[in-house]
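Enquirer: What follows is each chain in one-letter form.
Number of protein chains: 2
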Amino acid sequence: MKVVIIGSGPAGIVVSHVVKKLKPDSEVIVIGKEKNIVVRCSEPYAISGDTEVDKIIKPDEVITSVGADLVRDEVVEIGKTVKTKSGNEFEFDYLVFATGAKPFIPPIEGAELKNVFTLRTAEDARKIRESLSEAKRIVIVGGGMIGVELASLLAGRFDVTIIELLPKIFYTSYDEEFCSEVEKLLKEKGINLLTGKKVEKILGDEKVKSVIVEGEEIETDIVLLFTGIRPEDELAKKMGIETGKFGIKTDKHMKTNLDNVYAAGDCVESVSIVTGKPTPSGLVSTAISQAKVAAMNICGVEAEFPGVTNPSITKIFDITLGRAGFIQKQAESEGIKVKVGTFEGLTKYDTQKDPRPMKVKLIFNEKEEVIGGEILANGNFVAPFIDFLSFAISKKITCNELKNLQYSAHPELTPLPFFHPIVSACEQIE
Amino acid sequence: MKVVIIGSGPAGIVVSHVVKKLKPDSEVIVIGKEKNIVVRCSEPYAISGDTEVDKIIKPDEVITSVGADLVRDEVVEIGKTVKTKSGNEFEFDYLVFATGAKPFIPPIEGAELKNVFTLRTAEDARKIRESLSEAKRIVIVGGGMIGVELASLLAGRFDVTIIELLPKIFYTSYDEEFCSEVEKLLKEKGINLLTGKKVEKILGDEKVKSVIVEGEEIETDIVLLFTGIRPEDELAKKMGIETGKFGIKTDKHMKTNLDNVYAAGDCVESVSIVTGKPTPSGLVSTAISQAKVAAMNICGVEAEFPGVTNPSITKIFDITLGRAGFIQKQAESEGIKVKVGTFEGLTKYDTQKDPRPMKVKLIFNEKEEVIGGEILANGNFVAPFIDFLSFAISKKITCNELKNLQYSAHPELTPLPFFHPIVSACEQIE
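Chains as they are written, first to last, in the working numbering: chain A, 121 to 550; chain B, 121 to 550.
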């Protein structure tokens, strides 16, 4: 069995691993056009110098050590075989699109100037890092996770401005009360926040000098365009594969409309587990889960990917935020009648030193099944709560079932036992 | 409706709150023999000076603010009324035992000497704290949570010795590979660890001077007997209420064998949700959950307590440990054929600064339903994972269902996304 995987990111890596594990005799070829395997979510930390670019690059052995071949080349045409830019040709029994995504560059005049950057590859991260050595002022266009995380890592050492088109940062990821907490913190830390504002022009000669935001000119040494990603689905389209607004369409087996052709990761149009409607995901954990399902089905082990809960977390200075499923405004815009339970408290018992604020919001549908949750706390407290909620959402767990949770309690490690964050939020639903 | 609650600890408080909420017109009387409402799990931090004894005492308003009466008195007899030491008498329609537990004092010669302490009340904590001002050497008898936590808080400032009868500290709570990690850390921090050893005698004149452990004499200024707790069930027994080895027996409504008499918290013999067999709990979260169920049933709202998962967590220096359900040796001693999945990794991406070790062990029964889990990590990472496992155990979630978890990932906040702690442990089960 010959399996050709296009893309050497997380989805490509996982497909190669699972296929080689289940069918050790298969021939697996991963064709990657990027120079390196990079841990993309660590890029802000490499740019800020909190880690090194070389440390976020993984060796090719990540793929080759399982017996798969890694070809550094770009696929240009797919027919009965896969043809690459350098003239190679690969036969396949199964083809997997793990082509990922590319940065979306908004049509702004001046976006081509020097020191205007987008971020995807390790080389992108390296260029931004290098440019920082001569910079004092940084404009980040886009108040999403990567932009705000990087802003929080650079604040204090640089004059940082975030420009966001939508009314608040994190606007599509969190409900307003959570966005506001983050905005308050960013301002306290000296970050210049321009929300609900559009970048009209980027000015400069060779290098960028300023951006024009609704008539106002903001001088800067660097512009970072963190304005979202788009699926890499052109090759698939050319091949006659059905795509949607958010990427390649697949069934629950991660198979496309073509026999023996699968897709996984950022290039895929995911489906919400709550509504069954198309939705973007763009999360590495989604890519990995979809890749496992694709690989298993290729190997004849039936598996289904049920749709995404999109659990994600972020760290902004010393607060951590997470969410899974729907936020309130998103659920309401889908026409779902929601019930909302909240918790506001402390991350530790009030008997202890330095308890920190904690905030939870749970969204239920009319049947009182949990369909979403948002959490703000500190440290590594948030991630496992979000995983728990993600599980609960995918299993249609009800408010009453969550209310009966038996939970742990400890003065230094949890809120007071009378106020478990999830149980307390559930107890607000009558 | 008149409800008399014996005991002003967490179970008593929660019964009073829920009854007053559901039946605001009811008369609720809480009779507490302790001087104060104390946050017991914070006592080690008050003893060590990491917080103050006064800060771990809660005001009486915790009970009276909901409209319940708080009577500081000791119940001495129960017939058609409840009679107290000071001669008061209370009628009741419903009676709730929330009498808690008392320290178990092993029959050791010299246990009555000065500076030999047990710990339950705020006054106990205060006495120990005061005695520390003149102490250099401390012997802690009992390598359970409270003893080891307090040892970790006092190490460095005092010569601390832990003496444990069983082969390892935490022996009944964790499997050996977890116990060993903690023992290694305690030794590194200079704590003197004597495991598998019995205290034969405590010597001294008026004050304690030393303990004799299998012939060896260990000099000390203070001895702390942290040798477990026993349910306060004598009053119940006298009244003809059925008790077991671990306390007052109840049905799933938290009702005893007598009509209109309920029980909740440490005085109750809990039942394992996995085996349905009697088991101790001794956790504040169990007390709170049982109290809610008791109060609801008293108010005519049917509710069931399904049995305990016993989720618990602890912090020893800078590692945190948690567990829920069965550990392997406990499951095996119950005759359960187990499957075990493990994860060993890091709490952060390896691209980041200062990742810390993380260790997970999941226990499944033959049907591959999760019946237990143990986790070692750092910070406030462990508690929500344990809550998640507790939920999964109570819902008989299978390995395959957990394997399909969609989870969050972040360089600073989770292990690398290829290695989710729970999913990875599940993937070891074939």
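The reader is advised that the hints may include incorrect statements.
A pair counts as met if it fits within one copy or between any two copies, since identical chains are not told apart.
As a list, the in silico DSSO-like pairs of lysine-lysine whose alpha-carbon atoms are at most 27 Å apart [to be verified]:
1) K515 - K178
2) K449 - K200
3) K155 - K457
4) K372 - K487
5) K141 - K523
6) K122 - K515
7) K247 - K318
8) K200 - K317
9) K256 - K317
10) K329 - K153
11) K321 - K369
12) K523 - K203
13) K487 - K516
14) K222 - K234
15) K375 - K523
16) K122 - K516
17) K372 - K516
18) K473 - K178
19) K459 - K141
20) K288 - K153
21) K459 - K515
22) K321 - K175
23) K358 - K375
Derived from the structure by calculation, the hints contain no laboratory data.
Enquirer: Within, between, both or neither: how does the pair K256, K317 come out at a Cα-Cα threshold of 27 Å?
Expert: within (23 Å within a copy, 64 Å between copies)
Enquirer: Should K321 paired with K369 be assigned to within, between, both, or neither, using CA atoms and 27 Å as the limit?
Expert: This pair counts as neither: shortest intra-copy Cα distance 35 Å, inter-copy 75 Å.
Enquirer: Have a look at K329 and K153 and pick one of within, between, both or neither, based on CA distance no larger than 27 Å.
Expert: Answer is neither; intra-copy 33 Å and inter-copy 74 Å both fail.
Enquirer: With identical chains, the pair K247 and K318 could be close in the same copy or across copies; at 27 Å between alpha carbons, which is it: within, between, both, or neither?
Expert: Within one copy only: 26 Å inside, 65 Å across.
Enquirer: Regarding K321 and K175, is the shortest C-alpha distance of 27 Å or less found within a copy, between copies, in both, or in neither?
Expert: neither (35 Å within a copy, 58 Å between copies)
Enquirer: From the Cα coordinates, with 27 Å as the cut-off, is the pair K122 and K516 best called within, between, both, or neither?
Expert: Neither, since 39 Å and 40 Å both go past 27 Å.
Enquirer: Under a CA distance limit of 27 Å, which applies to K459 and K141: within one copy, between copies, both, or neither?
Expert: Answer is between: at 21 Å across copies they meet the 27 Å cutoff, but 45 Å inside does not.
Enquirer: Check K122 against K515 for me: Cα-Cα at most 27 Å, and say if that holds within a copy, between copies, both or neither.
Expert: neither (36 Å within a copy, 42 Å between copies)
Enquirer: Indicate which option fits the pair K222, K234 if close means a Cα-Cα distance not exceeding 27 Å: within, between, both or neither.
Expert: within (19 Å within a copy, 73 Å between copies)
Enquirer: Can you give me the call for K375 and K523, within, between, both or neither, at a CA distance of at most 27 Å?
Expert: between (38 Å within a copy, 21 Å between copies)
Enquirer: Given a CA cutoff of 27 Å, do K372 and K516 count as a within-copy pair, a between-copy pair, both, or neither?
Expert: The answer is both: 18 Å in one copy and 25 Å across copies each meet 27 Å.
Enquirer: Reference check for the pair K200 and K317, CA-CA at most 27 Å: within, between, both, or neither?
Expert: The answer is neither: 49 Å in one copy and 74 Å across copies each exceed 27 Å.
Comparing the model with each earlier hint shows violations of hints 1, 2, 3, 6, 8, 10, 11, 12, 16, 20 and 22; every other hint is respected.
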